[in-house]
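Start from the sequences and build out the full structure, keeping to the hints where you can.
For the record, the sequence lines run as chains A and B. The opening residue of the first sequence carries number 1 in my numbering; numbering runs sequentially from there. The opening residue of the second sequence carries number 1 in my numbering; numbering runs sequentially from there.
Simulated from the structure, these hints should not be mistaken for lab results. Please note that the accuracy of each hint is not assured.
Since the list gives no way to pick out one identical chain from another, each pair is judged satisfied if it fits inside one copy or across any two copies.
Said to hold, decoys possible - Here are the simulated DMTMM-like pairs of lysine to aspartate or glutamate, each with C-alpha atoms no more than 20 angstroms apart in a straight line:
{"id": "1", "residue 1": "Lys82", "residue 2": "Asp129"}
{"id": "2", "residue 1": "Lys50", "residue 2": "Asp39"}
{"id": "3", "residue 1": "Lys131", "residue 2": "Glu156"}
Number of protein chains: 2
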Amino acid sequence: MNELLLVVDTATPAGSVALSRGTTLLGEIALNVRKNHTDHLLNIIQQLLKDADLSLGQLDAFGVVLGPGSFTGLRVGVATVKGLALATDRPVVGVSSLATLAMQVPLSVFPVCALLDARKSEVYAGLFDWKNDRLEPMGEETVLPPARLLDSLDQELVFVGDGALAYRELIVARLGGRAHFPPWPLHMPRASSAASLVLDGLRQQKVIPLESLVPAYIRPSEAEVMWASREG
Amino acid sequence: MNELLLVVDTATPAGSVALSRGTTLLGEIALNVRKNHTDHLLNIIQQLLKDADLSLGQLDAFGVVLGPGSFTGLRVGVATVKGLALATDRPVVGVSSLATLAMQVPLSVFPVCALLDARKSEVYAGLFDWKNDRLEPMGEETVLPPARLLDSLDQELVFVGDGALAYRELIVARLGGRAHFPPWPLHMPRASSAASLVLDGLRQQKVIPLESLVPAYIRPSEAEVMWASREG
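Right, dumping it as structure tokens:
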């Protein structure tokens, strides 16, 4: 099976798009320049397809990072993939931004704590472990203040993600030598890292019907909270 | 220090270019579509700078993967970086393709055996270990037939690189459960992974004078061997 996949990640200000055929990565464009995803996502998708001499119609499926992460970023990413999938009549697989980050610390000696900055002094957090060379989640993904997360952790862990960078001092102050960090280029989620989760999902037929394809926010967006409080 | 770096990798048919500011990755373009690096490298460099709203003149330094790897690819990569560095009067740091691959398995539970396909039924091989959260080489990089490499290995190892994929069956036949492999998107060297080695090198002033900047081939190129045999 040599499924041609296009995978999109917009969970953080660093967006990326990857293209793969079966288990071969064909290319990736990643940009972390705080430009608006709305303006640039379609451009980099087109650029990548052009560089690989491929057209949208040749793709077999799409993958998208559903979240948790930036509300606006995820909406743009999911809406774009939804549009492309509708136009080409191809299936979509959605994956977690935190699992994507954990894929970037493969076969790590300690479990992985993937953290994304959730603003409002909170982090999105997911714990993962490598068992038999496969990534396995340890419990539910959550959103909470970093200090409260650290209260619940005492084992040696590898911290990855922009939340790990934002709260690195706090993490080290609490855990000391039990806190480990991968090299700095690995702290942004990458569509190429999501691609292997997407391919697994596609082969296990974990396809999401387009009408159910929505970002995974974990907590309601600020706009929804404000709306609910005005309504209530 | 917020050094603006452009890093180029052409050690395999999968070329990539990364841009970073200090310890923040600004972007990366990776292409594994077996196009000629000569045609595409300058294009993707220009594309990445444009996407990041930067110009060549703003860069503080260049990084390049010196090898080992594809003779032609490395020549194109090194020549391009040399030209850009000469024109902008900026320093160049060179790093190993095998160390770059090992950076993609950070904090791994077992030592890393980075392998690149050297053609002629040989592999370029480098062994690395993560000590105190830093990558350390275990001995010299070498080129040899994979079976001979495997004769010398009996410990549990993580195999990464296109050589690990090309000889995966042989590796598993010899080492069984002692051989581990990261997820498939991680087997091509990435300029972004080289970037942290380049930044370390720059800060330790391991700059290569342009006249000494040559690819690290490990063995003489086929052309040189043929030339030498004709001469001899």
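Practice task
Classify it for me, Lys131 with Glu156: is the Cα-Cα distance of at most 20 angstroms met within a copy, between copies, both or neither?
Solution key: This pair counts as both: shortest intra-copy Cα distance 16 angstroms, inter-copy 15 angstroms.
Handout entry: Homomeric proximity label, Lys82 with Asp129: Cα distance no greater than 20 angstroms
Key = neither (31 angstroms within a copy, 43 angstroms between copies)
Practice task
Can you give me the call for Lys50 and Asp39, within, between, both or neither, at a CA distance of at most 20 angstroms?
Solution key: both (18 angstroms within a copy, 14 angstroms between copies)
Checked against the numbered hints given earlier, the structure breaks only hint 1 and satisfies all the rest.
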